[in-house]
Amino acid sequence: MASFCRLPPLINTHISKDMHEIILTVQYFEKLALRLQDSHADFPDIHQHMRKWLSDMRCFSIDEGILTLSNILEIFSNFSRWIVKNNISYRRVPEDIRADVVWLKSRWQMGDWNLADPLRGLNIAYKNDCISRSLNKNWKFYNPAWNRFGHNGLVPGVTWRYYIAIMRDGGHGSPEAGISGIAGQGAVSVVLSVPNTQGEYADWDEGNKIGYVSTVGSRDQPSTYTQLLLDSHDWYVKSNKIKIEGEDQQREEERKKEDRPVRVFRSWKLPPKNTWRPRNGFRYDGLYDVIDKELIDPDRALYRFTMERQYDQWAIRVDQPDDQTLLLWDQCAITQKTAK
Numbered sequence: 040m041a042s043f044c045r046l047p048p049l050i051n052t053h054i055s056k057d058m059h060e061i062i063l064t065v066q067y068f069e070k071l072a073l074r075l076q077d078s079h080a081d082f083p084d085i086h087q088h089m090r091k092w093l094s095d096m097r098c099f100s101i102d103e104g105i106l107t108l109s110n111i112l113e114i115f116s117n118f119s120r121w122i123v124k125n126n127i128s129y130r131r132v133p134e135d136i137r138a139d140v141v142w143l144k145s146r147w148q149m150g151d152w153n154l155a156d157p158l159r160g161l162n163i164a165y166k167n168d169c170i171s172r173s174l175n176k177n178w179k180f181y182n183p184a185w186n187r188f189g190h191n192g193l194v195p196g197v198t199w200r201y202y203i204a205i206m207r208d209g210g211h212g213s214p215e216a217g218i219s220g221i222a223g224q225g226a227v228s229v230v231l232s233v234p235n236t237q238g239e240y241a242d243w244d245e246g247n248k249i250g251y252v253s254t255v256g257s258r259d260q261p262s263t264y265t266q267l268l269l270d271s272h273d274w275y276v277k278s279n280k281i282k283i284e285g286e287d288q289q290r291e292e293e294r295k296k297e298d299r300p301v302r303v304f305r306s307w308k309l310p311p312k313n314t315w316r317p318r319n320g321f322r323y324d325g326l327y328d329v330i331d332k333e334l335i336d337p338d339r340a341l342y343r344f345t346m347e348r349q350y351d352q353w354a355i356r357v358d359q360p361d362d363q364t365l366l367l368w369d370q371c372a373i374t375q376k377t378a379k
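All you need for the working numbering is the position in the sequence shown, starting with 1, plus 39.
What the hints contain is simulated information worked out from the structure, not anything from laboratory work. Among these hints, one or two may not hold up.
What the hints assert, rightly or not - Capping the alpha-carbon separation at 25 Å, the derived lysine-lysine pairs in BS3-like fashion look like this:
#, residue 1, residue 2
1, K176, K376
2, K70, K91
3, K166, K144
4, K332, K248
5, K248, K308
6, K312, K277
7, K376, K166
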């Protein structure tokens, strides 16, 4: 059975359901963007209004008619062009706003308009009072190409209620394992969830730097998932990520295209004391390099890997998921339970 959680968009609590009013609400972002051009404007206040609007839109299902009549994609494009030319220090648009604009625009451009539904693209089944969710591989926007390095169409700060939805969007390749990757090339993604406590060993998390303990192997044979991270570290060392002396810009860009960073997702199942942990669901926190390895238990081929976040990214979005998204997820969970 296909996804069924079609909740009324939260934005309808404070705007008319009349199409004209909805169009005006969607276009409200343009008014905010224009206000930024006034050098005497209250920029923090405008930014807060933008954040509220973007939060509404993440919990709002639109359609092609609204998209066309509001001209919102062109408004986004104009806003992005303005940022490039005018994003000077005193009215700099915060990273989180720019990230949300990029994400909304990318999803709406492809036609994925029902962002208010965390179950879109998933099949739901019930058995013995349990709910199971699986990929609907016939969903129009299902992305099976998880085995690509880089962001793979994702934007740091994006959240999902369910683990399986990360796979739906091409972020991760395994329904169970916390590591997915390509044999001989390295890990493409890691989901930080229930902490690894291999005896006296433990993971650690400093946000931009992570200590990740591998899975158990044997003395002569690391586990499959450990080997993926070993391959990632070997690539990091061999690729000489530090700019080579005398290297021109074109060659540097070509070398970066061959990069093999790891996508890192954080789960709400991390320890509560972890300040980088999302309050619920899962959050994409960007690309990390496996910069170091330490064999901490030779008998079990157990390694601790140090992963460092690449510097040229927007900051980690510890504010996500926000209150409105959490409320939407809670409403959807209630709908699932009562729909049996």
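Hints versus structure:
no., hint, verdict
1, K176 to K376, "holds, 24 Å"
2, K70 to K91, "holds, 14 Å"
3, K166 to K144, "violated, 38 Å"
4, K332 to K248, "holds, 13 Å"
5, K248 to K308, "holds, 19 Å"
6, K312 to K277, "violated, 36 Å"
7, K376 to K166, "holds, 12 Å"
In summary, the structure is inconsistent with hints 3, 6 from the numbered list given earlier, while agreeing with the others.
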